[in-house]
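A.B. asks: Residue numbers (our numbering), protein chains in the order written: chain Y, 146 to 416; chain Z, 61 to 418.
Derived by calculation from the structure, the hints in this document are not laboratory data. Since we're looking at a predicted model, the values are computed, not measured. A few of these clues could be false.
List of simulated lysine-lysine pairs, DSBU-like, C-alpha gap at most 30 Å [said to hold, decoys possible]: (1) Y:K313 to Y:K213; (2) Z:K362 to Y:K171; (3) Y:K171 to Z:K402.
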Amino acid sequence: MTDPAAAMLTVDNIEVVYDHIALVLKGVSLTVPKGGVVALLGANGAGKTTTLKAISNLLHAERGEVTKGKIVFEGDEVQALSPNELVRRGCIQVMEGRHCFGHLTVEDNLLTGAFTRRDGRGAVKADLERCYELFPRLKQRRKSQAGYTSGGEQQMVAIGRALMSRPKMILLDEPSMGLAPQIVDEIFEIVHRLNAQEGVSFLLAEQNTAVALRHATHGYILESGRIVLDGEAKTLSENEDVKEFYLGVAAAGRKSFKEVKHYKRRKRWLA
Amino acid sequence: MFYREVGQFKSTYAADMAIFPIRQDRIGIAVMLGLAVIAIPLVANDFVLASIMIPGLVFTLAAIGLNILTGYAGQISLGTGAFMGVGAYAAFKMASAFPQVNVIVWILASGVFSAGVGVVFGLPSLRIKGLYLAVTTLAAQFFLDWCFVRVGWLTDYSSSGAIEAARRSLFGIAITGPEATPLARYFVVLGLVVLLTFVASNLVHGRIGRTWMMVRDMDIAAELMGVRLLPAKLLAFAVSSYFAGVAGAMMVFFWLGAAEPSAFGISLSFQVLFMVIIGGLGSMIGSYFGAAFIWALPVLIKFTPNLFGIEIQSATVEHANSMIVGALIIFFLIVEPHGLAKLWAVTKQKLRVWPFPW
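Same shape as in the complex, but just chain Z (with noise of 0.2 Å):
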């Protein structure tokens, strides 16, 4: 009733392998891009846009990444971490090695790395499957996080072992550094997440994610098929900590601005893996509702009671805030266990056959 194809005709292929194939998918993409853009701007303030809409954006990109290798192509990883932290601080290096150069440009080449590092780990994953194969990313995550500590050059010997945003502008409008308004950083994260997003439901719907997908289901009946398990597996390494390592940089670069060793370690892998799993293995829109379940929640929780002028002691608060997430965590999982992506798709199946139940 609501929500309906009838009348619309597809008359080519192309039209029909759409990504958004149904009219009110494409009017509703474009509300919420309307939104992102233009409402969202004028009516948030620099607190939502910088502890909210940023590190929500920034996780969506590192949930994508691992939902890329985890829940499409099915190899379980622990690293993501630390393969945000190889794209942190290789953007860092090379901004500031070659400072001429548009940040942007290297934000982008950061994942490149983090691919090449990601291949690396990814290569027991012909042998090892499952969670044995969580294990061997685990070594990743220990082995670049103690890359991190002891490697002074990475830091260019900073004495404090952290690394700094450096100042950069775009168009004359600073977008890194502490003069960078949380607008105009906003924005720019915003266009990257979007623009990648793009590219990796591209990827995901087209030969390369099917062929992730079959390796998925049964890897032995992709390999009967002509799928070469090894390339197809190290490629979702490679794409999925591509993704990862753009995050770790914009996490560095648009939201942080500074970042310890400490910020890439395991807890950030667990972090993105939940979003990942509470959002919903192999969707990509499960993962923009997994960033926003773990991230924006828990803050908007935080301070829900200033709003409404409640003087609770800060420490209260924290408490609280873990055991509603927790709660909440559970409760979504049992009501639908393959996460809120999932509930989505049964909300429009259901909104295509209202008023009738099936």
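Isolated chain Y (complex conformation) (with noise of 0.2 Å):
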């Protein structure tokens, strides 16, 4: 898709298996251009969640382990490094259902978020203030115990407390989930903003395919393990199996019962 020299990741062929039983992902490739937002989209079960925290390697908390494959970061093989490590380089996760630190305020959440930092109180305290130029509504919450906020209050705490180590890259799993349309554009619009501004790389895992492919600028479309369509964001919202079973669109809305198909679209790809 792209030349290797200008991706920031790339994915190369990995399995992943849970519990030494459970071969979860079946060779999974992708790459995310330097500057890019790429979507991972698929139903529950295809393996969203579990590529990202292969790359950022979360799998052993959950009995997982990367089988076979590679996983290249700026050039730099990546696998056996540590979570941690991997914020240091400029690669961090935000996890799903969000995990914020419930007992500290909004402002500790974000300062947590530069606990990687070594350049200084000063750029520390000019990134929060472009922190809650992001997100006004979390400067009014600011002394507010994270726990009492909002669920997408509480998305917008991770996803700002990720921006204050200065990522490259985030990897984002279901930001949307469990939140209003309208603060789902709200997120959505500021990973936009994020991207064309200052240059990070998004990776996002997602569910709702419309939102995502809207504002991603390449796709994925995982099943059961194994990619099963990619491509430029813009064709991937044209192709008709995508509309058919992603987006909800039937082929061309309605029709009159004489153009009626008598067959119904199928997967190909599971043939």
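Assembling the complex is the task here: the two chains are given apart, and the hints tell you how they should meet.
C.D. replies: As structure tokens, this is what we get:
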């Protein structure tokens, strides 16, 4: 898709096995170009979260391991690196379900994101202001405990916290989960802004195909541990199969009975 | 390949829910029982029976009891030793008060008393969770310890403060007291432990067991499904203490023959807790593995040098033993943090799909 030099992250044919028994990813390859927003789409249990966790090396906590393939971040193989080392290198994950530190205030939560920074208080302070500028809602709630804020605000805290580490790349897992459509749009708007203004690359796993493809540059569609379709976001969203199975739009809207097809579109790649 | 259920069809719900749904498992359990009933008595000498098999089985029963409470219902308890003590003292009192009734009846009944005590000390569990609950059960441990020492009535005012197993027999064969042979005691212990394992296994595989596991995994969700938390938790405390109590009674009557209050101290509680953790929380077979690991392994290590005719000072053996067992505990928990039972389950899965890796 892109030449390897311009790639931020390359995942090359990885296999993931849980519990020594269950093969979950059966050879997944993908590339995130520098400054790209790549959407990883698919149904429940397709392997989106597993892919993200394989990249940021969080599988051990769930008795999983990468058995084959390699993951290259900025030219270095990173399978053996611990999650904290990856953060130092500029690749950070925002986990599904937010995982804010419930007893810390919103501001403290954001400051935890700067844990790996070594460039002084002034720079961190400036970034905090920048964060509040992106999420004005958080500024109003800066002194309240994160556990008492709403779901959307917690998602903002989680993204803001990741930003505080000055990442080059953010792995975003289901940012839209459980949020109102309006908030989802707001969050994707911010993803878009960060990408355009600060050049942060994104790899986002999403169920909400329509929103994700609207904001992404590239898309990959996973199904039961394999990538079945990929391409530019625009091409994908015009693909008939994607429309039928993931966007919920029939081939040409309403049709008259004269033109009704007598067969159903099938997932040909399953054959 | 070696362990595969291909061609074994189940046509009823009961068959599907059986404790051993796979034929290989049934054969395996029959072989194990055969070994325990026929091979071990033929091969083993009195020492192996009296110092490995009998205590191993008694601890297994205690571990099953704690596993029900901690592994299945998720309530941490540090009072197992005291609950075992309650069973032992209850069995002692009843056996001496009603000598005409068979001692097996009293051993099985002694658990009822520890179940009652367990329920009382389980009452705080509705409010108190996790490590804080462990601390309140610690109170049970200290309070009951105090009772065993201070309440003379419990020991029939014996001057030494110890209780002693009375001489009793079954079908004319002495099973408790100094005349009972290790073989006779072994058979009684084996029978009781197998019977009670069967009972426990059926409990945890049914509706009650599911209730406990719901409470363990997420008590709020369990409540939303209509589970009444207090009865569910108290039942877990009762059943768990029952098993611990019977194990305690068996400890005095079939293994030690006599016991002082210090036998039921906090170290006993910890010993059983380690068995449950290393064996595997929430697993019946894990209780067997854990008891074997924590009890039988040190005994084996201790006598291995003698077996090969190597003369080592007993103090040296004792120190080496602690180090070896400690290192093995750490090793096994690193290899498999979820206990030996999980290791066993993974092995079975591997055999199932062999020669493919998954």
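A.B. asks: Which of the listed hints are broken here?
C.D. replies: Violated: hint 2 alone.
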